[in-house]
Amino acid sequence: MKKIYLFLLLCLLNVIVSHAAVVDTLQIPSLAMNKTYKAAVVLPNVYAKSKTNFPVLYLLHGAYGHFSDWLSKTPNKSLIQNLSDQYNIIIVMPEGETFSFYLDSPVNKGSQFETYITQEVIQKIDASYRTIKDKKGRVITGLSMGGHGALSLATKHPDLFCAAGSMSGVADMSTMLNREPKDGILKLIEPVFGINPSPDLFSSNAVLGMVDKMKNNQLPLILDCGVDDFLIETNRELHRRLVYQKVPHDYTERPGAHTWEYWENALPYHVLFFDKILRGNQQSIVK
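Residue numbers (the numbering used here): 779 to 1065.
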């Protein structure tokens, strides 16, 4: 009886393992920065058994972070794999360095992350995996700095994405200067914005100033922020401007702060939102 129990347990474990998403770590070189960065790529379980091309979610990390954050810092360490399997979507988590804001720095040729994501990462992913190589099968979101990056990249490159999102996004980068200690923040953003950056440099790159472009692009947007988050007021201002300009978007405030517990709760709503759009594009995989 004990042997039968062990046999059944092993079979059950084998079934569980065989139905889990696969996590790859990919080296993605950048000609723009003359560097090579890593990206985490989660493939749904059905990928190996299928010859179909899959939609892709680009999921960006926040400030102080790196490409593996979404896999290692959520309370549920299986969150990304579970979402990949649930929605049959490839999830790509590229490197954005600690304070790049996913911009092409005007002062540092070694920090060109807008070019990196839009021209080098996407190209590498499409060449390495069976992806839908069209904006109709490509979406993007992120947390904090990554929220800024997702909205900024999608707004500047509407030919690459069919929808974008932001969780606790930095809608105005000058907000960071309100954090203590201010000198420490200035030192961190110096490689991107230079020494003593002017307010105009922040405002010209802030997503708060991109609402007109968002209106013209008409990309579906999903935004949320915790009511106890230090970025809540700038997110509310972005929401107000989108409403004033009659830009359709999904905006939610929930209990929570600038924490991984909050982002773990928020991400499934974003993936559900994207899945409806991808299905509308007839690009999502039928289960």
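Be aware that a few hints might be false.
[Stated by the list, open to error] Distance condition first, Cα-Cα at most 30 Å in a straight line; then the derived DSSO-like pairs of lysine-lysine: (1) K993 x K855; (2) K816 x K993; (3) K855 x K887; (4) K887 x K902; (5) K827 x K911; (6) K902 x K913; (7) K934 x K1054; (8) K1024 x K902; (9) K934 x K902; (10) K913 x K813; (11) K902 x K1054; (12) K902 x K827; (13) K902 x K914; (14) K965 x K914; (15) K855 x K816; (16) K960 x K911; (17) K829 x K887; (18) K1024 x K855; (19) K827 x K887; (20) K855 x K827; (21) K816 x K829; (22) K914 x K1054; (23) K829 x K855; (24) K851 x K991; (25) K965 x K1054; (26) K965 x K911; (27) K965 x K993; (28) K813 x K851; (29) K965 x K913; (30) K965 x K851; (31) K827 x K934; (32) K960 x K1054; (33) K934 x K887; (34) K965 x K829; (35) K934 x K813; (36) K991 x K913; (37) K1054 x K991; (38) K816 x K851.
Simulated from the structure, these hints should not be mistaken for lab results.
We went through each hint and held it up to the structure:
1. Taking the CA atoms of K993 and K855, the gap is about 37 Å. The hint is violated against a cut of 30 Å.
2. Restraint check: the Cα-Cα separation between K816 and K993 comes to about 34 Å, which exceeds 30 Å; the hinted pair is violated.
3. A C-alpha spacing of about 35 Å is found between K855 and K887, which places the hinted pair above 30 Å, so the restraint is violated.
4. About 21 Å separates the Cα atoms of K887 and K902, which keeps this hinted pair within 30 Å; it holds.
5. Distance check on the hinted pair: K827 and K911 sit about 20 Å apart at the alpha-carbon level, within 30 Å; holds.
6. The straight-line distance between the Cα atoms of K902 and K913 is roughly 15 Å, inside the 30 Å bound, and the hint therefore holds.
7. Between the alpha carbons of K934 and K1054 the distance comes to roughly 23 Å, so the proposed pair stays at or under 30 Å and holds.
8. This hinted pair does not check out: K1024 and K902 have alpha carbons roughly 36 Å apart, beyond 30 Å.
9. Taking the CA atoms of K934 and K902, the gap is about 20 Å. The hint holds against a cut of 30 Å.
10. Proximity of K913 to K813 is assessed by CA-CA distance (about 27 Å); at most 30 Å being required, the pair is judged to hold.
11. Simply put, K902 and K1054 have alpha-carbon atoms about 26 Å apart, close enough for the 30 Å limit, and the pair holds.
12. At most 30 Å may separate the alpha-carbon atoms for a hinted pair to count; K902 and K827 meet this at roughly 22 Å.
13. Under the criterion of a C-alpha separation no larger than 30 Å, the hint pairing K902 with K914 is consistent with the structure, at around 18 Å.
14. In summary, the hint linking K965 to K914 is not supported, as the alpha carbons are separated by about 39 Å, beyond the 30 Å threshold.
15. Restraint check for K855 and K816: satisfied, since their Cα atoms lie roughly 19 Å apart, inside the 30 Å limit.
16. Restraint check for K960 and K911: the C-alpha separation of about 43 Å exceeds 30 Å, so the hint is violated.
17. Between K829 and K887, the direct Cα distance comes to roughly 40 Å. Violation of the 30 Å bound is thereby established for this hinted pair.
18. Between K1024 and K855, the direct Cα distance comes to roughly 38 Å. Violation of the 30 Å bound is thereby established for this hinted pair.
19. In summary, the hint linking K827 to K887 is not supported, as the alpha carbons are separated by about 42 Å, beyond the 30 Å threshold.
20. The straight-line distance between the Cα atoms of K855 and K827 is roughly 24 Å, inside the 30 Å bound, and the hint therefore holds.
21. The straight-line distance between the Cα atoms of K816 and K829 is roughly 26 Å, inside the 30 Å bound, and the hint therefore holds.
22. Using a Cα cut-off of 30 Å, the hinted pair K914 and K1054 holds, with the two alpha carbons roughly 12 Å apart.
23. At roughly 28 Å between alpha-carbon atoms, K829 and K855 fall within 30 Å of each other, so this suggested pair holds.
24. Taken as a hint, the K851 and K991 pair is broken in the structure, with Cα atoms around 33 Å apart against an allowance of 30 Å.
25. A hinted pair counts as satisfied when its Cα atoms are at most 30 Å apart, and K965 with K1054 does not qualify at roughly 42 Å.
26. A threshold of 30 Å between alpha carbons decides the hint, and for K965 with K911 the separation of about 39 Å lies outside it, so the pair is violated.
27. About 35 Å separates the Cα atoms of K965 and K993, which puts this hinted pair outside 30 Å; it is violated.
28. The hinted pair formed by K813 and K851 meets the criterion: a straight-line CA distance of about 25 Å does not exceed 30 Å.
29. A C-alpha spacing of about 37 Å is found between K965 and K913, which places the hinted pair above 30 Å, so the restraint is violated.
30. Between K965 and K851, the direct Cα distance comes to roughly 25 Å. Compliance with the 30 Å bound is thereby established for this hinted pair.
31. For a cut-off of 30 Å, the pair hint linking K827 to K934 is broken: about 36 Å separates their Cα positions.
32. Taking the CA atoms of K960 and K1054, the gap is about 42 Å. The hint is violated against a cut of 30 Å.
33. Simply put, K934 and K887 have alpha-carbon atoms about 20 Å apart, close enough for the 30 Å limit, and the pair holds.
34. Taking the CA atoms of K965 and K829, the gap is about 48 Å. The hint is violated against a cut of 30 Å.
35. At roughly 24 Å between alpha-carbon atoms, K934 and K813 fall within 30 Å of each other, so this suggested pair holds.
36. The straight-line distance between the Cα atoms of K991 and K913 is roughly 17 Å, inside the 30 Å bound, and the hint therefore holds.
37. A distance of roughly 23 Å separates the Cα atoms of K1054 and K991; the hinted pair therefore holds under the 30 Å criterion.
38. With a CA separation close to 17 Å, the supplied pair K816 and K851 stays within the 30 Å bound.
Hint compliance for this structure: hints 1, 2, 3, 8, 14, 16, 17, 18, 19, 24, 25, 26, 27, 29, 31, 32, 34 are not met, and every other hint is.
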